[in-house]
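Peer 1: Sequence:
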Amino acid sequence: MLFTATIETVLGLVLIYLVLGLVCTSINEAIAGLLRLRARVLFMEINRIIDDKVVREAFWNTGLIRSMGRSGDSRGDAPRQAPSYLERDDFATALIQALRKAGAGNDAAVPQGVVLASLATKIDRNSILFSVIKEIGLEDGAPVALVHEALGSWFDQVMDRASGVYKRYVSFISLVVAVLIVVPINADTLLIAKTLWYDDALRAHFVETSQRVADATDEQAQEILNSSLVSNVITSVLPPPLGWPEAKCEEDDCSAFRRFGTSFLGLLLTSFAVTLGAPFWFDVLARFVALRNSGPPPSPTAPGRDH
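Using our numbering, read the sequence shown as starting at 1 and increasing by one per residue.
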């Protein structure tokens, strides 16, 4: 039946995307951890907004920030040593300490009750930091809690932008990793779909594996597969349709340009599909398994005629 064959072919494709997505996600996490990507993005964004050199150095060298950074270094102002995460209250506390140090210099300690506008007297007036402090509009004698809240809100806005920057970096890394995974094994979406469509036995094998995966993800909240099941799934999709076949094409039967174009498109489709990530394909797989189990939609009945 056309409906069943179509759903089963899609299930086979989704299963392959899922497995390759798991591999891609694992590699992405390893690369991000090795490069300390979150820490680098956080470091870059905070340096962008605290653009006064004196305050910036004081901020990264506060005891609070240094205690959150990577151990083994007395300073926190290097990307590889910066913390990966920072709470808004910690940011506000560290920045106020840095501003107090910049405002008071080395002569005297600035009282806690002095507001940011007073603390910023020695900050570069052309800096982003100085403009933001003035725009906050806190009056003299403002409570420290109000100062914390204002700085915390500013930090949240900056972190929203930082999240976007981080996601763009991860998306680029994901695409590169996906291509490096997909091309060597020739995970060509068009070729895989064609093979599954005409090979009933292979399609049935993929459907059986998809059913097991869907059952497992239901039991585990569709978030993670245990290592033994991952191994079984990977083993099940390693035979054809993956892999580069030997070139057996007569000159008068096909065009090299057409073959290249079709293969390029299929590999590109797979690469982009893999970058969507394993969680996305978990959900898609579960939906298509449920659709297959429910059967094709009922055929519309012809309307009755009035006599």
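Everything labelled a hint here was simulated from the structure, so no lab data went into it.
One should not assume that every hint holds.
To be verified - Below, simulated EDC-like cross-link-like pairs (lysine to aspartate or glutamate); rule was C-alpha separation at most 20 Å, straight line:
hint	residue 1	residue 2
1	K194	D215
2	K194	D160
3	K167	E149
Stated by the list, open to error - Restraint ranges, calculated between C-beta atoms of paired labels, are given here:
hint	residue 1	residue 2	range
4	P279	A5	42 to 48 Å
5	K194	K167	31 to 37 Å
6	L265	A204	25 to 31 Å
7	L35	N293	39 to 45 Å
8	L146	R168	33 to 39 Å
9	R48	F3	52 to 58 Å
10	G33	T4	18 to 24 Å
11	E29	V144	35 to 41 Å
12	S153	S294	46 to 52 Å
13	T4	R48	52 to 58 Å
14	S67	E208	20 to 26 Å
Just so you know, even glycine gets a beta-carbon here, dropped at the ideal spot from N, CA and C.
Peer 1: Broken hints, numbered, in rising order?
Peer 2: 1, 2, 3, 4, 10, 14
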